[in-house]
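**Q** Chain order of the listed sequences is C and R.
According to our numbering, the residues represented by the first sequence are 1 to 551, in order.
According to our numbering, the residues represented by the second sequence are 552 to 635, in order.
Check the hints yourself; a few may be wrong.
[Stated by the list, open to error] Calculated pairs, BS3-like style, for lysine-lysine (alpha carbon to alpha carbon, straight line, at most 25 Å):
#, chain 1, residue 1, chain 2, residue 2
1, C, Lys3, R, Lys612
2, C, Lys3, R, Lys616
3, C, Lys247, R, Lys581
4, R, Lys581, C, Lys8
5, C, Lys197, C, Lys381
6, C, Lys8, R, Lys611
Keep in mind that the hints were calculated from the coordinates and are not lab data.
A quick note: this is a predicted structure, and the numbers were derived from the prediction, not measured.
The residues making up each chain are set out below.
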Amino acid sequence: MMKRDALKALTNAHAWVGLIISTILFIIFFAGSLSLFREDIISWERDPYFVSSESGASFSIDAVISQVVNDYQVNTHGYFILQMPTDEQPSTNIYFEEKIPAEEQQEHALDKQLDDHIDRHLIISPDGKVLGDGNAFDWGNFLYQLHYNLHIPEVGLYFVGVVTLFFFVALLSGVVIHWRKIIAKFFQYRKDGKKDKLLDAHNLIGVMGLPFHLMYAFSGLVFNLLIVYQISYAVVLYGGDQGKLFKAAGVVDVHLDESNVAIPVQGLDKLLLTAKLSLGQVTIIRMSIDHFGDESASVTFRGDDKSQFSTRKEVTYHIASGRELYLTKNNYDNDIRGGLAVIASLHFGDFAGYSLRMLFFVLGIGTCYIILTGNLMWLQKRANLRSEKQNKLGLQLVKAMTTGGFIGTIFATAVGFICARLLPIDLLDRSDLIGQIFFACLAASLIVSLLIKAQQQFAAIFLKITALALALIPVLDWLMLSQGIVVMFKAGHFDVLIVEVMLLSLALCCWLVSSRLFSSAEAVVNEQPISLNDLAENLIAEGIPSIKVTS
Amino acid sequence: MWSRTFAGLLLGLLISISVVLNLNLLVPIKEDTMLLIGLLCAFPIWAGMQVWAYSFTSAKKAWLKLTLVLTPSVVLNLLLLVLR
């Protein structure tokens, strides 16, 4: 049995850790929940403009590559990746580096832009024609990147990793604190019990979703902080030789030295057929080329075996000779690669169709609610302290983090969706602009929250505006692009509908929470007109009239 | 709270690395399997040590207890590496 002092220390630490990481964790979970439907969001933004009812059955890689080579100078030393068309996603995406001519490089050098290439992303129709620039439709990827590194260059990944570690710590400490009641009070939700409502919601969702939370905390750590153990393994076990560690970890390097002899990239359709025969039951989803246009060029076809859980298959050929360079039918025949593939499948929820992703989405939004209730309980505790014991600045900061950070994130996301639908698709740096608008909205929300004293009314109105903004998106879809969406439906592609249902669900959640806030505000106004200044106090006041605090 | 946080972060990390390295050096199974087992154990150990650090009423105690766990594990690391 844990000592009373230790339990008290752990409870304080649980609250403290939760509060410190709350805003960032909310953004991570909110963006992550939406990112479960990343491909659908990308299709929602892009496909109504380029929809085609043709199937990809006649798709020719050779024809596409001929056209790309005619139109662009592909960088031999860079990457070249083609996302294969599927039944669900008939259009194809090609990602490659385009060489910048030397004279333009000099001009760029004057502008201090020293890159020797441009990153290209082309959308290809099912019949192989280049439809447009894929970089203009990046909203789904923006949300995903927000989830894993908050768009902070270099250190963002590790920062999110550290926050995830403390999320893991909050989970474990929460289990220890709640352990004695975890079975007896498993379903306890005292909705009429007033002061325990927030705590019960916090515990109920936390315990119900515990396996999900543990899985996310662990897999998130693996993705973001693996490097810590990678370095220690390399230094201690492999004498500083990272190459040896990579080899043991199943990293395959099928490398041929560049010969600097240029030859056209052809014969890939034939190699695709050979790959299908070699790999057996697999849907090839990706093709990549190394040393594009050089005699040493090789092509790798990769696919997932849908008949097995998380099994990746891959084959590599030397393009010029057709010689097989590497073949794996089971996650690179390496346990750590296989293990990482399982962890990735669990994290992305990509192994059981939409039903699983919907469940993960609900649990993800549920986690956002856990974070919110955690903050509100902290605020409640502080509000109950005598005024001389209160740290006014800290209290205002936490309130602003909760109102501006949490609601601001949802609002900024809604505005991002609206911009992704409204901005012209040929607008220069369209995706960058949408990203900037997102951060401007989030920053403005935080600043306004810090400045406003009547945070309860602000939160109520802000949530309602957010709900309306979210609900506006499907209306814009149908007003602007109904023809394209109908063609998508007829071709059996329901990405737009999936995204719209997701956004309307979020709008409903926001509206319901706001209505409850607003009605509690009315009650407080009637009873104590001067005392309205705090989102949390009033949220809690909804259930506990006695804790209202006069400002 | 900050001191206990750093105790858990730093010593918890070192303990997780050390324990996992000992596992790698002691258990005679396939290299890639061992790396995976190490990976599966490492993060829960780190987070567990952080929780343990928070359960102490003083930061000094947290630093002391975690150091007491780390020391024998590091000694075993050194021994196994020398005998390797």
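**Q** Now tell me, hint by hint, if it's right for this structure.
**A** Right, here's what the structure says about each hint:
{"no.": "1", "hint": "C:Lys3 to R:Lys612", "in the structure": "holds, 15 Å"}
{"no.": "2", "hint": "C:Lys3 to R:Lys616", "in the structure": "holds, 16 Å"}
{"no.": "3", "hint": "C:Lys247 to R:Lys581", "in the structure": "holds, 13 Å"}
{"no.": "4", "hint": "R:Lys581 to C:Lys8", "in the structure": "violated, 44 Å"}
{"no.": "5", "hint": "C:Lys197 to C:Lys381", "in the structure": "holds, 14 Å"}
{"no.": "6", "hint": "C:Lys8 to R:Lys611", "in the structure": "holds, 17 Å"}
Hint check: a violation occurs at hint 4 only; the rest are consistent with the structure.
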